[in-house]
Amino acid sequence: MAKELIKGNTAVAEAALRAGLEAYFGYPITPQTELLEHLSARMPELGRPFVQAESELGAINMVYGAACTGKRVMTSSSSPGVSLMMEGLSYIAGTEIPAVLVDVVRGGPGLGNIAPAQGDYNQIVHGGGHGDYHMIVLAPASVQEAVDMTGLAFDLAEKYRYIVTILLDGSIGQMMEPAELPPMQPLKTDVPDWAVRGTNGGEKRVLTSINLDPPAQEVMNLRLMKRWQEIEQNEVRYKEYFLDDAEYVVVGFGTAGRIALSAVRAAREKGIKVGLLRPITVAPFPKDILEELTGKVKAFLVVEMNSGMMLEDVRLVVRGRKPVEFFGRMGGVVPFPDEILTEINQLVEGLLTTEGHPRDRWLARLEKTIG
Amino acid sequence: MPAKGYIEVNELFCKACEICVTDCPFDVLALDMERLTPKGYHPAYMVNPDACTGCGICATVCPDAAITVYRYDRKKAEA
Amino acid sequence: MVLTDTPAKLVYERPEALGTTVTHYCPGCTHGVAHRLVAEVLEEMSEVGNTIGVASVGCSVFAYNYFDFDFVEAAHGRAPAMATGIKRVLPDKTVFTYQGDGDLASIGMGEIVGAASRGELITVVFINNANYGMTGGQMAPTTLPGQKTTSSPTGRDVKRQGYPIQTAELLSTLEGSAYIVRRSLHNSREIRRAKKAIRTAFEVQKKGLGFALVELLSTCPTNWHLTPVEARDWIEERMMPVFPLGDYKISSAVADLKV
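Note that the protein sequences, when read in sequence, are chains G, S and C.
For the first sequence, counting from 1, position 319 maps to 319 in our numbering; every step adds exactly one.
For the second sequence, counting from 1, position 20 maps to 20 in our numbering; every step adds exactly one.
For the third sequence, counting from 1, position 52 maps to 52 in our numbering; every step adds exactly one.
To be clear, the hints were calculated from the coordinates, so they are not data collected in a lab.
Worth double-checking, as some hints may not be accurate.
To be verified - Over the 10 Å line for every Cβ pair with chain G, so calculated as not near, a few chain C residues:
#, residue
1, T6
2, P7
3, C26
4, P27
5, G136
6, Q147
7, S151
8, Q161
9, Y163
10, R189
11, H225
12, R238
13, P244
To be verified - In silico SDA-like pairs for lysine to any residue, Cα to Cα no more than 25 Å straight-line:
#, chain 1, residue 1, chain 2, residue 2
14, G, K159, G, P186
15, C, K9, S, C55
16, C, K207, G, G47
17, C, K9, S, T53
18, C, K9, S, F26
19, S, K39, C, H225
20, C, K258, C, P91
21, G, K226, G, H130
22, G, K226, G, L212
23, G, K204, C, G49
In this text the structure is predicted, and so the values were computed from the model without any measurement.
All residues carry an ideal CB built from backbone N, CA and C; glycine is no exception.
Excised from the complex, chain G in its bound form:
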């Protein structure tokens, strides 16, 4: 199919529909709303359910119900709305059923603003909802990648009976760029064994997240965790840029990773041996490649549009063996490539240290700029 100029939110909506989305439940919130709007027109055209819920609580619990039938279903929202969905996400995880969530992250905390940000990293990657669970988190950096990740999200959700979150930010959601949409897939016809459908005279099926007996709950927890280990084994995805001879490595996901690539290219033109590692799955986190790089390079620079959330995951792998520095912008401010290039230069020229915390050094620098 030919490429077309298409907005990120719309592209993800259309890609989901073409991947066999059978029902969509959502609630308007900027900068995600076009996704809901697109499906409000397209789903009824195809005779598929679309419901604008009374709230994000309603939307995620509609997804919960519909997912219990084994159908391909999804919702989408942005940060404050996703906070409201945390309850339902924990229940879905606890019931071990597949579902897809798109979080088009905006500046926060609180009502914040509607500009692009990555401050939901901890909420999405390290929990948010209660109890022991994980979600698979895909972090595309372009409209095309978001389209490609959408079909994958459903496949992974169904394969592992896990929630898959597509972590976008406002810029990918709002930006128009050329992308090729996938062909229309037929709707799934098989009903998974576990799905409720009415007994029709057979054995009854019950889907619940309750386990009043702690040892039984622990067995369930163990099952979830073992499946997570399997996901960590099989589903890590990332992109490498200029890493072969890199002495310095920038690590960034989504839009921050994409902007960092411009800075890395500019630094390369100046002869600096710097590369970029862009995690596509931020959960499971690409630990092995980072471990490998730790043995090879001089230092890391983590770049995010938050206060250094993925930074902690990087530090857990590097474990003080190599210097790690951090640069971030918060609150919906998008970093410029020049700012990142300056940080790369400082990394090359500056005194490298494994002492202290990179966040403290970054905050001191940032305060001088914006304070």
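Use these hints to put chains S and C onto chain G, whose structure you have.
Just chains S and C, lined up with the frame of chain G:
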């Protein structure tokens, strides 16, 4: 006046709430203070079976669906 | 004396759809009556194998253990949203929620109003027992003025704690609701009327006429500190003046329905 019906109380379900005893219009039922169910309740039983009409009110009000109701088919018996 | 020489015919037995698990409900609690009526109605409609129930959080959290058909368990208050999700993707199935008053009228008020306003083709069985039963008898949105609970120990003071919510009346104002009635489970006559209402509420769904809800005044002897028999009198004397029984919404299509 011979009984027109009878009931059976499933002692697995009966919790001795006494609602059937109170609501029986013909004072057929009582709690059996000599017996205990597997859950430790004194089950309802027909203390006055001759008065049972098989009306089913006890089963209607029973919160635990513990009561089965029968009615005698005297025409069949006489035939 | 049971006459063994006279033939007898079975006139009533426990519905099979209820399964064989003994409930965890306290002796005399009329949750059990409501369960039984739902099971009887679904059997009479031959819908047992075509039904998906949505249990809620509260004393009825284990409802799925007591019905012998497919069930899912919702988060607190969210059963109508979950039921919406199921019904929208499986429109030919019979989908119902079974919810208490804390679940439906407090934490889940948004979800129930949303479902009713959209005219979701689901059936809601709503148990009103004027307190939070499972957590040990706290004040609920349905607690009566002056009623003592563990969180209104001197009696609900309407100046500080507000007034009870009359759910049936409130939901009946929504155009999407087709059938909204209040019944009671405190005596055999009212139980029979409640059963007819539950039947109608499921028929409304089958016929696609709109959202249907049956509010049932139900006893909570343990938390009311009354015997099961006294608790039934309490419904009549105390609850019914605040929550009058009646038909609050019968849409014209439902009025034409023969049950």
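### Message
I'd like to know which numbered hints this structure contradicts. Please list them from smallest to largest.
### Response
Per hint list: zero violations.
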